[in-house]
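Working from the sequences, and respecting the hints, build out all of it.
Residue numbers (the numbering used here), protein chains in the order written: chain A, 1 to 496; chain B, 1 to 129; chain C, 1 to 155.
For the record, the hints were derived by calculation from the structure and aren't laboratory data.
Some clues are possibly wrong.
In silico SDA-like pairs for lysine to any residue, Cα to Cα no more than 25 Å straight-line [claimed, not checked]: (1) K31(B) with P228(A); (2) K68(B) with V88(B); (3) K156(A) with Y115(B); (4) K156(A) with S146(C); (5) K11(B) with T190(A); (6) K70(B) with W67(A); (7) K156(A) with L141(C); (8) K156(A) with N144(C); (9) K156(A) with Y112(B); (10) K58(B) with D303(A); (11) K156(A) with R32(B); (12) K68(B) with Y32(C); (13) K68(B) with F121(C); (14) K70(B) with S105(C); (15) K126(B) with N165(A); (16) K31(B) with L118(B); (17) K58(B) with S40(C); (18) K59(B) with I186(A); (19) K70(B) with G42(C); (20) K68(B) with S40(C); (21) K126(B) with D303(A); (22) K36(B) with S231(A); (23) K68(B) with D108(C); (24) K68(B) with G65(A); (25) K68(B) with D303(A); (26) K11(B) with L187(A); (27) K156(A) with V88(B).
Note that the structure is predicted; figures quoted are calculated from it, not measured.
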Amino acid sequence: MNATNLHLFVLVVPLLAALAINLLGRRSRQWIAPLVLGSLAFSVFGSVIIMARVVEYGTLRYTVGNWQPPYGIELVVDPLSALMMVLIAVVALLASFSSLKSVEQELPGREHFFFTLYMILIVGLFGLVLTGDAFNLYVLLEITSITTYGLIAMGKGRAALSSFNYIIMGSIAACFYLLGIGYIYILTGTLNMADIARILPTLNAPVATATAIAFVLVGLWIKMAFFPLHSWLPNAYSQAPTGAGTLIAPLMTKVTVYLMVRVIITMYTPALVFTHEWIARGVVWAASLAIICGSVLALGQKDLRRMLTYIIIAEVGYMVGGIFLANANGLTGSILHIVNDAFMTLCLFLVVAAIIYRQGSVSLVSLRGIFRRMPITMAAFTLGAFAMIGVPPTCGFFSKWYLILGGIDGGHWEFVVALIVSSLINAVLFFRIIELGYFGSLPDGDNQEHAIDERREAPWWMLSPLVLTAVILIVVGLSTGPLVNNVIRLMIPVGF
Amino acid sequence: MEAIIGEVVAKYNYWIYVVLMMIGFYAMIGKRNLVKKLIGMNIFQTSIILFFVSTGVKKGGGIPIVDKYKALASNIDAATIVNPLPHVLMLTAIVVGVSVTGVALAVLQRIYREYGTLEEDEILEKLQR
Amino acid sequence: MRDINEHTAGEDLIIKTSVRLMVPFIQVFGLYVIVHGHYSPGGGFQGGVILGASFILLALAFGMKASQEYMTVSVNAVFNNLGPAIFVGVGVLCTLFGGLFLDYSALDNLIPLGVVEWRSFGIFLVEVGVGVAVMSIMVLLYWNLSSGGAMDEGL
Chain A
1 MNATNLHLFV LVVPLLAALA INLLGRRSRQ WIAPLVLGSL AFSVFGSVII MARVVEYGTL
61 RYTVGNWQPP YGIELVVDPL SALMMVLIAV VALLASFSSL KSVEQELPGR EHFFFTLYMI
121 LIVGLFGLVL TGDAFNLYVL LEITSITTYG LIAMGKGRAA LSSFNYIIMG SIAACFYLLG
181 IGYIYILTGT LNMADIARIL PTLNAPVATA TAIAFVLVGL WIKMAFFPLH SWLPNAYSQA
241 PTGAGTLIAP LMTKVTVYLM VRVIITMYTP ALVFTHEWIA RGVVWAASLA IICGSVLALG
301 QKDLRRMLTY IIIAEVGYMV GGIFLANANG LTGSILHIVN DAFMTLCLFL VVAAIIYRQG
361 SVSLVSLRGI FRRMPITMAA FTLGAFAMIG VPPTCGFFSK WYLILGGIDG GHWEFVVALI
421 VSSLINAVLF FRIIELGYFG SLPDGDNQEH AIDERREAPW WMLSPLVLTA VILIVVGLST
481 GPLVNNVIRL MIPVGF
Chain B
1 MEAIIGEVVA KYNYWIYVVL MMIGFYAMIG KRNLVKKLIG MNIFQTSIIL FFVSTGVKKG
61 GGIPIVDKYK ALASNIDAAT IVNPLPHVLM LTAIVVGVSV TGVALAVLQR IYREYGTLEE
121 DEILEKLQR
Chain C
1 MRDINEHTAG EDLIIKTSVR LMVPFIQVFG LYVIVHGHYS PGGGFQGGVI LGASFILLAL
61 AFGMKASQEY MTVSVNAVFN NLGPAIFVGV GVLCTLFGGL FLDYSALDNL IPLGVVEWRS
121 FGIFLVEVGV GVAVMSIMVL LYWNLSSGGA MDEGL
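Here's what the structure looks like:
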């Protein structure tokens, strides 16, 4: 056994763990935590090794079952997918610590169901970033979506209804994607992404190609909740069980943005996607609108978790806009923002999970005086908030810097303005909460006098990943230079 | 007019797929009953299956099951058999469709237990109260 | 809801007898489709659906309780996980014996049967895994949906 199969083991070990959790977790919940943490730790370890190998030796290509491409299914690990693998593994491991605790509280007796779906979702995400086959991508996209539907429906109250809306929207999106792939297949007779990229530019079928690109992109936009198509996201993400939210919110939209990058760079080639300048211009305008609207809608929310879901919509606008700026700085900024946003969202959602674990609610009213009760949690929250706003030492600043540079390079001033306005709105949003938490006191002070000053920090299981994530925010921010030069620059297509 | 009819008749499978897709789309967006939305979703998926399968069709093509020894002895003329790949892809898509439908039905049961109805406007009314 | 179904389902002699006669043949046919799947039309998914349908037919005619005597809930849970585990396990075994994932010819190093034979036999093992998984999940889907998640009443 050597390292040839390692990236497959990164995917297979959590899958086997999912089956074991379903089987053994029924008997005793003692099994769940070691299986989840052990397999995810293995994935982190494996993906870091793969990352090192890819940076050293270049893209790895792997054929499942030794069937040669373009006929067989090919797994491609280039620097970008290696980066995404590390990101998914680390985020999943950190989130699972917190999920183990909050699921124990929220879904007693159903933990093995929850973690089976949870692990299969992670497997699906790994598969999405590994695959080099367009149809395989559809299947894995549906695997991740179906598990997400299930996880969201496990929540309380309106969760089932939100999950159903998500099912309808997600299925439309998947069908659009499939339809686009159908057109590609008719045009090229192949489903291998590299092969499609080779054949598609040689064909002289502009209308059919444009149709195929449009269907695939619209499908992915629905899945990632790009602004006009975002209506399903806030309800679904804010009503999911807290443990599911910490995994789904940082990863699902970000991986879908990665898929869009993958489809544009590897499958369609940028030259085909950006042939008509007015389309790219229109998408950047839509992205700017997404950023503004997401931020403004976030202002109107009375619940921290709901507010964060609207910020996710704004962040999706950042990334889509950055890609459609169609220049090197924009694309760098987008890819960097995928990484940064995943960690920022993870940090904030871990805070939400910790607060919900202790006091059951994250409505803005209940956050009064939270600094005195949970000082470490709120310190991490402040750091996450700074990253979201884009304060220099944290990672959020650097990706925004690249995005703004890209906007200036491409002459898209509306995008630059949207970025700056949204940063200001984020500042207002987060400082409002920090002010409430620091200076506010609990609404009626009769029998809660002693509760105000009492320190009730979240358990260590939730606190340690949170602190670690907050540290990662700064570490990633400080290592932006090497990250861009050694990994992301390799992915920027020539002449971009 | 005749040209249009000729066009429609010549590519009737693609027209049927478009019509089915629009029916499904209408049901998903226009209907207020959640089960009808789900049925619309299934029609939508079926239309795409029809689309894919019809891309594999060849005039006069036989079934793509060939004798192993005959195939090894002499090359099979690809024009005499239909393209099996779209069928295989759609088998996977059907499995995906079944799973989504299963999850959706389970979610609908939860909604029904919670609200006692599957009409969207009645549920929204109950939520506002 | 329960008592209506108790009376309608399984009261009819014709339905009961014909189901009792049909189920063995359906199951044998399902097994046939699975084991011949790798060189003729059929395969794990189709065979699994047929096998699963036989259990659903039992549940329709005799009630869910009766069908759970033939396949208990815990056996079903084992099958649910065993199916995918066979599939993945075969793939992992291939990598452990020096091949790529799901490259069955590598299994020749484990039991020397010949590379070509292993290519044929490996896909058969995978088909069995798929069949087991599809069968048990079809049945589980039916049980869960018809009983509203409780798995004891329903049709």
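Taking the hints in turn, this is what the structure says about them:
1. K31(B) with P228(A): holds (21 Å)
2. K68(B) with V88(B): holds (19 Å)
3. K156(A) with Y115(B): Holds, at about 13 Å.
4. K156(A) with S146(C): holds (23 Å)
5. K11(B) with T190(A): Measuring from Cα to Cα gives roughly 23 Å; hence the hint holds.
6. K70(B) with W67(A): OK: K70(B) and W67(A) at ~23 Å, within 25 Å.
7. K156(A) with L141(C): holds (22 Å)
8. K156(A) with N144(C): With Cα atoms ~20 Å apart, K156(A) and N144(C) stay inside 25 Å; holds.
9. K156(A) with Y112(B): Cα-Cα ~14 Å, so holds.
10. K58(B) with D303(A): The hint is violated at about 58 Å.
11. K156(A) with R32(B): Answer holds: K156(A) to R32(B) is near 23 Å, not above 25 Å.
12. K68(B) with Y32(C): With Cα atoms ~20 Å apart, K68(B) and Y32(C) stay inside 25 Å; holds.
13. K68(B) with F121(C): Holds. K68(B) to F121(C) sits at ~16 Å (cutoff 25 Å).
14. K70(B) with S105(C): holds (24 Å)
15. K126(B) with N165(A): Holds - the C-alpha atoms of N165(A) and K126(B) are around 17 Å apart, at most 25 Å.
16. K31(B) with L118(B): holds (11 Å)
17. K58(B) with S40(C): Between K58(B) and S40(C) the Cα gap is close to 22 Å, so the pair holds against 25 Å.
18. K59(B) with I186(A): Distance ~16 Å between K59(B) and I186(A) Cα, so the pair holds.
19. K70(B) with G42(C): holds (21 Å)
20. K68(B) with S40(C): OK: K68(B) and S40(C) at ~10 Å, within 25 Å.
21. K126(B) with D303(A): Since the Cα atoms of K126(B) and D303(A) sit roughly 22 Å apart, the hinted pair holds (cutoff 25 Å).
22. K36(B) with S231(A): Since the Cα atoms of K36(B) and S231(A) sit roughly 20 Å apart, the hinted pair holds (cutoff 25 Å).
23. K68(B) with D108(C): Since the Cα atoms of K68(B) and D108(C) sit roughly 23 Å apart, the hinted pair holds (cutoff 25 Å).
24. K68(B) with G65(A): holds (21 Å)
25. K68(B) with D303(A): violated (65 Å)
26. K11(B) with L187(A): holds (17 Å)
27. K156(A) with V88(B): violated (39 Å)
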